[in-house]
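All residue numbers for the sequence shown refer to our numbering, where the first residue is 1 and numbers rise by one.
Calculated directly from the structure, the hints in this document are not laboratory data.
Quick reminder that beta carbons are idealized off the backbone N, C-alpha and C, glycines included.
Since no wrong hints were added, every one of them can be taken at face value.
Derived PhoX-like pairs: lysine-lysine, alpha-carbon spacing no greater than 25 Å straight-line:
{"hint": "1", "residue 1": "K483", "residue 2": "K292"}
{"hint": "2", "residue 1": "K539", "residue 2": "K597"}
{"hint": "3", "residue 1": "K597", "residue 2": "K563"}
{"hint": "4", "residue 1": "K844", "residue 2": "K814"}
{"hint": "5", "residue 1": "K844", "residue 2": "K826"}
{"hint": "6", "residue 1": "K539", "residue 2": "K563"}
{"hint": "7", "residue 1": "K388", "residue 2": "K292"}
{"hint": "8", "residue 1": "K483", "residue 2": "K826"}
{"hint": "9", "residue 1": "K597", "residue 2": "K632"}
{"hint": "10", "residue 1": "K632", "residue 2": "K539"}
{"hint": "11", "residue 1": "K563", "residue 2": "K632"}
{"hint": "12", "residue 1": "K117", "residue 2": "K388"}
{"hint": "13", "residue 1": "K632", "residue 2": "K702"}
{"hint": "14", "residue 1": "K388", "residue 2": "K177"}
{"hint": "15", "residue 1": "K702", "residue 2": "K814"}
If you anchor each label on the Cβ, the simulated ranges turn out as follows:
{"hint": "16", "residue 1": "A115", "residue 2": "T671", "range": "53 to 63 Å"}
{"hint": "17", "residue 1": "R678", "residue 2": "T440", "range": "46 to 56 Å"}
{"hint": "18", "residue 1": "S596", "residue 2": "A115", "range": "43 to 53 Å"}
{"hint": "19", "residue 1": "E484", "residue 2": "P217", "range": "29 to 39 Å"}
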Amino acid sequence: MLTALVLSITLHTVPAALSPQAAAQTPAREPHARPVVELAPGTTYDAAIPTLAQVVGHDFGQEITSPADIVRYLRALAEAAPSRTALVEYGRTWEGRPLHVMAIGSPERISRLDAVKADLRRLADPRGLASADADGLVARLPVVVWLLHAVHGNEISSSDAALAEAYHLLAARGDAKVDTILREAIVLIDPLQNPDGRTRFLTHTLFGRAAVPDAEPAAVEHDEAWPGGRSNHYLFDMNRDWFAQTQEETRGRVAVFLEWYPHVVVDLHEMGGDSSYYFAPPAEPFNPHITKAQAGWFEAFGRANAERFDERGFSYFVRETFDSFYPGYGESWPIFHGAIGMTYEQASSRGLAWRREDGTVLTYGQAVLQHFTAALSTAHTAAVNREKLLRDFLDYRRSAVAEGGEGIRAYLIAPGRDPGAARRLAALVAQQGLEIRRATAAFKVGGREFPAGTFIAPTAQPGARMLRNLLDEHVAQPEEFVKEQDRRRRERRPDQIYDVTAWSLPLLYDVEVVTASSPIDVATEALEPAPTTPVSAAKVAYLVPWGSAAPAFVAEALHSGLKLRHTIEPFTLGGRRFETGTVIIRLAENADALASKLGPLAARHGVELVAADSSYTEDGTSFGSNSVVALKAPRVLLAWDAPASSLSAGWARYSLERRFGQPVTAVRVATLARVDLRRYDVIVLPAGTYSAIQGESLRRVKDWVGAGGTLVTLGEASRWASRENVGLLETRTELRDGRLDIEATEKEPKKNEPQKAIDLEKALQPDREPPENTPGAILRVILDREHWLSSGTDGEIQVVVEGNRVFRPLAFDKGRNVGLYAPREKLVASGLVWNEARDQLANKAYLLYQPLGRGHIVAFAEDPNYRAFTEAASMLFMNAVLL
Numbered sequence: 001m002l003t004a005l006v007l008s009i010t011l012h013t014v015p016a017a018l019s020p021q022a023a024a025q026t027p028a029r030e031p032h033a034r035p036v037v038e039l040a041p042g043t044t045y046d047a048a049i050p051t052l053a054q055v056v057g058h059d060f061g062q063e064i065t066s067p068a069d070i071v072r073y074l075r076a077l078a079e080a081a082p083s084r085t086a087l088v089e090y091g092r093t094w095e096g097r098p099l100h101v102m103a104i105g106s107p108e109r110i111s112r113l114d115a116v117k118a119d120l121r122r123l124a125d126p127r128g129l130a131s132a133d134a135d136g137l138v139a140r141l142p143v144v145v146w147l148l149h150a151v152h153g154n155e156i157s158s159s160d161a162a163l164a165e166a167y168h169l170l171a172a173r174g175d176a177k178v179d180t181i182l183r184e185a186i187v188l189i190d191p192l193q194n195p196d197g198r199t200r201f202l203t204h205t206l207f208g209r210a211a212v213p214d215a216e217p218a219a220v221e222h223d224e225a226w227p228g229g230r231s232n233h234y235l236f237d238m239n240r241d242w243f244a245q246t247q248e249e250t251r252g253r254v255a256v257f258l259e260w261y262p263h264v265v266v267d268l269h270e271m272g273g274d275s276s277y278y279f280a281p282p283a284e285p286f287n288p289h290i291t292k293a294q295a296g297w298f299e300a301f302g303r304a305n306a307e308r309f310d311e312r313g314f315s316y317f318v319r320e321t322f323d324s325f326y327p328g329y330g331e332s333w334p335i336f337h338g339a340i341g342m343t344y345e346q347a348s349s350r351g352l353a354w355r356r357e358d359g360t361v362l363t364y365g366q367a368v369l370q371h372f373t374a375a376l377s378t379a380h381t382a383a384v385n386r387e388k389l390l391r392d393f394l395d396y397r398r399s400a401v402a403e404g405g406e407g408i409r410a411y412l413i414a415p416g417r418d419p420g421a422a423r424r425l426a427a428l429v430a431q432q433g434l435e436i437r438r439a440t441a442a443f444k445v446g447g448r449e450f451p452a453g454t455f456i457a458p459t460a461q462p463g464a465r466m467l468r469n470l471l472d473e474h475v476a477q478p479e480e481f482v483k484e485q486d487r488r489r490r491e492r493r494p495d496q497i498y499d500v501t502a503w504s505l506p507l508l509y510d511v512e513v514v515t516a517s518s519p520i521d522v523a524t525e526a527l528e529p530a531p532t533t534p535v536s537a538a539k540v541a542y543l544v545p546w547g548s549a550a551p552a553f554v555a556e557a558l559h560s561g562l563k564l565r566h567t568i569e570p571f572t573l574g575g576r577r578f579e580t581g582t583v584i585i586r587l588a589e590n591a592d593a594l595a596s597k598l599g600p601l602a603a604r605h606g607v608e609l610v611a612a613d614s615s616y617t618e619d620g621t622s623f624g625s626n627s628v629v630a631l632k633a634p635r636v637l638l639a640w641d642a643p644a645s646s647l648s649a650g651w652a653r654y655s656l657e658r659r660f661g662q663p664v665t666a667v668r669v670a671t672l673a674r675v676d677l678r679r680y681d682v683i684v685l686p687a688g689t690y691s692a693i694q695g696e697s698l699r700r701v702k703d704w705v706g707a708g709g710t711l712v713t714l715g716e717a718s719r720w721a722s723r724e725n726v727g728l729l730e731t732r733t734e735l736r737d738g739r740l741d742i743e744a745t746e747k748e749p750k751k752n753e754p755q756k757a758i759d760l761e762k763a764l765q766p767d768r769e770p771p772e773n774t775p776g777a778i779l780r781v782i783l784d785r786e787h788w789l790s791s792g793t794d795g796e797i798q799v800v801v802e803g804n805r806v807f808r809p810l811a812f813d814k815g816r817n818v819g820l821y822a823p824r825e826k827l828v829a830s831g832l833v834w835n836e837a838r839d840q841l842a843n844k845a846y847l848l849y850q851p852l853g854r855g856h857i858v859a860f861a862e863d864p865n866y867r868a869f870t871e872a873a874s875m876l877f878m879n880a881v882l883l
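Using the sequences and the accompanying hints, generate a full structural model.
Below is the structure:
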């Protein structure tokens, strides 16, 4: 048996969680999962380095180590081997838990770590680096291997493997492979990327654990309650957050990367318990900015891991499922800075034991051991190939600079209609470790004049391939791959598309980015500190044009007690046109020293303050019109817990609380029936099918809306609201053939009807098939600029579409189609959309407004807060909440 090959078994009849007295009264059960793992058979370990059991009370793979005990053990190792380790806290989670990385290397390198890191950064920027200097760096620098563990909190085994990796590197004696690693490499071990999620998982599994861990998959200790431990505090999948950098944890890790510029990065995960083990090479499609040299290293590391796994009798697979196309993964983001980034996936025991479909039992100890084996094999392979890896890293960065000297020379981000969005986009580019500066004077490119304040990102920089990934409108998948997915689609087979097919930040921020093919000669300055404009004294009011920065400004201003109004019609004042949504802050309605209060507030959020000395408008609505509406600090309720999508709920909560500073009360769906809805002005239903809201509960929601409330539904929640038995939204979704998605009545066959020859192609088609799936593309939406929900836009934005929802537009007498997908020829801005989906989505509804009594229903066909990097759509969401 495989277990006999890899484990030294010690049977425990006393679970670690039970006292000896309690255990004596506990009947014995099948002793599945309490092994002691033999990490590397035959290895001698230094007794001066403490084992995990000595520090926390259990051995490697014997128990799921808690986040606190992980930190405790790392500190114990650092104290025992100070000359070979550097333990650094690089950040804190939203819940305040520390994030650590431990550097392990030779005493010579650890003693001069700052100088080593400075040289690593020199190697990462070959501009001006003489060949002799580059050769010197390559000759003396270590290869840096960064091992990242457990970004998903319920993917548990890699964190205990990380502790085993650190122990083995520090304690193993006479091990030639370890000696090679310490001589040629520095290994960075991040043992736990998501301690908040792991804590949530541990709380659940310990609460449900049987007297002896139960291997049955249906056992409660494996069956996590909503939202599970995968995500962090804000329920984000942080393995999709690397370029968006919305989460504190991600920002901390990016800072670590840019401090070290590691050459090999491995992100260790878990997958379903009936799988085996996955390592590189990755699946198709490859991102086009991956070089041939990097692809060759995927193969080299894969073969080295395979050799080690074959020696130990471990099963594995390669080139399936997990691709490197989307640049926001923990393994792919480093690739576009020149690293060899790889994902490793271990079958998960989701506890201490998992019975597979074939009847065998996967133990936690075995999962820990296999991750440990792959990680150490990778570190050794990197060490053996130190010089070649460093030279290929240098070549990647050099070739990126060279490519930037041809074709596109720079990306230009002009302030445009929404300067706040342009500033945030530029700042996000800089957060990637990329060069971008602000022009201090106007300049011309190709006959077009760009104003001072335009942001310039040159392509002749070492990170140019990351820059192209983020700022190009479209990153193409290989033609043969797309053809194969089309074939599978037509045969109704699952596709092989792992994640979204589009992510262009300029499109999603709705900011124009222009490419320049010639050098730009203009003085520039760094992005920080951002320029601030003194607030001019006003006689009557201050005006804030609506844009993506305005919602956060308004939320803080309202909660600080200021009186604000906004216009639902445009107007002209002092020769300047102000569009729908403009905020009016009248001196007469606010306390003295208004300018001194508004100045810091405007600077903090990056909004424009316009001083008005008169309220007499030359055109459009007047300040005293009924079209100028008082704003109030809204009391917002967010539906939480099942059946809401945890991702959608988390994105909405993050957008409200962190991005826009709007307080929100999260209320479990099961609790809604007994909540006094009159305490709230806005209810947000994240994606989900709310079948529990029916009968009296549904009537209460309708009455609340009718009395003046605003109901905002997202994605699948909008489909639920449109159901006939719900009756909140006067539209329906469609089936693939264009029919309305309503329950069909069975048609009785006619008696003695003659049999016709069968049309096989037609006969194979399902009768009630959902529309064609769109795998995460970016589509254009045309907005009704006369409606207040579109405030801050120029009448067109781009949105992420993922799924198969197709909504019929509302009839004129039912409401307003504030946002419709563009006609077919303009529909697709970026990504893969099948022709049938283009045909069906064109001119269909994206954003619906429906009045109900004195209240409002606002329905989004897709999630406007998708991964919190869809800035323009998120502004529409905040328009619904605030306006």
